[in-house]
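There are 2 protein chains.
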Amino acid sequence: MEPVEKRILKDGSNLGNGILKVDGFINHQVDPGLMDVCGQELAARFADIGATKVLTAEISGIAPALMTARYLGLSVVYARKSKPITMPDQVFLTLAPSHTKGRMVELIISPEYLSGGEKVLIIDDFLASGATILGLVRLAQTAGATIVGIGTLIEKEFEGGRQALAHLNIPVESLARITSMEGDEIRFY
Amino acid sequence: MEPVEKRILKDGSNLGNGILKVDGFINHQVDPGLMDVCGQELAARFADIGATKVLTAEISGIAPALMTARYLGLSVVYARKSKPITMPDQVFLTLAPSHTKGRMVELIISPEYLSGGEKVLIIDDFLASGATILGLVRLAQTAGATIVGIGTLIEKEFEGGRQALAHLNIPVESLARITSMEGDEIRFY
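So the protein sequences, as listed, match chains R and G. Quick note, the first sequence lines up with residues 2 to 190 if you use the working numbering. Quick note, the second sequence lines up with residues 2 to 190 if you use the working numbering.
The following block holds chain R by itself, in its conformation from the complex (with noise of 0.2 Å):
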């Protein structure tokens, strides 16, 4: 059994309505070591695939994209929300719906960072609709870039995002994958 999977089971809650409680280790207090472990292996995964960068979204994305990127020797760009005043004034901008926040949100990428040419490999804290995964795409694309690789720590499969990525063609690979969230239960693959 995966780390994640071992952790999920021993430190996250299901809320019930699909909703995975892992604040505890993930996204509120996070486990450094935990993240480590987990970036090791998806760098393992896509060692192969060629990236030259790896992109994210704030927030909760940033702690496994930067140890993946870590250990692939490659910069991570995570995708902002609110433009701050540095980013210039023309940008990469789509709009993707937030799970957790129950709005759309904005994705923001300064082109000074990510440009035509780049392969990029997705790393995200969770795969489940699919939704953020697809404006990080639609932003990438729009810079002329190629996505090459899409890596989560957990997978909500009975949510649909694997088949919402497929006609993308490219590896995706989470270190969890959750099969169903009955009653209190929490099966994996």
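Calculated from the structure, these hints are not laboratory results. Just so we're clear, the structure is a prediction, and the values are computed from it rather than from any experiment. Careful: at least some of the hints might be erroneous.
[Unchecked claim] Now the in silico label distances, taken between C-beta atoms and shown as ranges: (1) R/Phe189 - G/Gly118: 55 to 63 Å; (2) R/Thr143 - G/Gly74: 40 to 48 Å; (3) G/Lys120 - R/Lys84: 35 to 43 Å; (4) R/Gln41 - G/Glu186: 36 to 44 Å; (5) G/Gln41 - R/Ala48: 18 to 26 Å; (6) G/Tyr190 - R/Arg104: 40 to 48 Å; (7) R/Asp12 - G/Tyr190: 20 to 28 Å; (8) G/Gly118 - R/His168: 46 to 54 Å; (9) R/Thr143 - G/Ile86: 25 to 33 Å; (10) R/Phe189 - G/Lys120: 33 to 41 Å; (11) R/Ile171 - G/Lys120: 42 to 50 Å.
For every residue, glycine included, the Cβ atom is placed at its ideal position computed from N, Cα and C.
Dock chain G against chain R, hints included.
What follows is chain G alone, placed relative to chain R:
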């Protein structure tokens, strides 16, 4: 010269009005190798203060705090700026002015992950006026925790943060201490 200082001179930009653009290696695109070196250095400087938890604020504090916590073998908690649905109704909340957003933002921590008796090391990307860090201090103190140290990557000494934190009487460490940003120049301590 510290690695962060070198990198600021190489890839940072002085945008005027005290605004330092470091989004090529810290707060939009991140260099994991640099963050690793910084985390190791901050961990070494705070090795003997008995910290039990690292605390930071989303978004750009996450990378340096994660790397520092990894070297100290501690968990890191990042204060959220909006309350996710996975968080309990009762939270610790304070307001702090955001330098880059030009408005007040909320800083929120779940009582699940910060409790009385914790010895907290605060790590952030910037020490400017100290307002965000003082917000984190208030949250930790409300939780009954003790602040034992404050570390940042970059300090803008001319904005007075170090003085604003002096009453805490704890070690404050910054890897790059900028004393002035007159004209195009960036001067270090």
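* State, for the Cβ atoms of G/Lys120 and R/Lys84, whether the hinted interval 35 to 43 Å holds or is violated. => Holds - the Cβ-Cβ distance for G/Lys120 and R/Lys84, about 37 Å, lies within 35 to 43 Å.
* **Pairwise beta carbon distance, R/Thr143 to G/Ile86, judged against the given window 25 to 33 Å** => Holds - the Cβ-Cβ distance for R/Thr143 and G/Ile86, about 30 Å, lies within 25 to 33 Å.
* Take the C-beta atom of G/Gln41 and the C-beta atom of R/Ala48, compute their distance, and say whether it sits inside 18 to 26 Å. => holds (24 Å)
* So does R/Ile171 sit 42 to 50 Å from G/Lys120, Cβ to Cβ? -> Between R/Ile171 and G/Lys120, where Cβ atoms are some 45 Å apart, the hint holds.
* For the range 46 to 54 Å, tell me whether the beta carbons of G/Gly118 and R/His168 fit it or not. => holds (52 Å)
* Could you tell me whether the CB distance from G/Tyr190 to R/Arg104 stays inside 40 to 48 Å? => holds (44 Å)
* Take the C-beta atom of R/Thr143 and the C-beta atom of G/Gly74, compute their distance, and say whether it sits inside 40 to 48 Å. => holds (41 Å)
* 20 to 28 Å as the expected CB spacing between G/Tyr190 and R/Asp12, which holds or is violated -> At roughly 42 Å between Cβ atoms, G/Tyr190 and R/Asp12 fall outside 20 to 28 Å, so the hint is violated.
* Outcome of range test on Cβ distance (R/Phe189, G/Gly118; 55 to 63 Å) -> With Cβ atoms ~36 Å apart, the hint is violated.
* Asked: Do R/Gln41 and G/Glu186 keep their Cβ atoms within the hinted range of 36 to 44 Å?
  -> holds (41 Å)
* G/Lys120 and R/Phe189 - C-beta distance against the hinted 33 to 41 Å -> holds (37 Å)
When each numbered hint is compared with the structure, violations occur for hints 1, 7.
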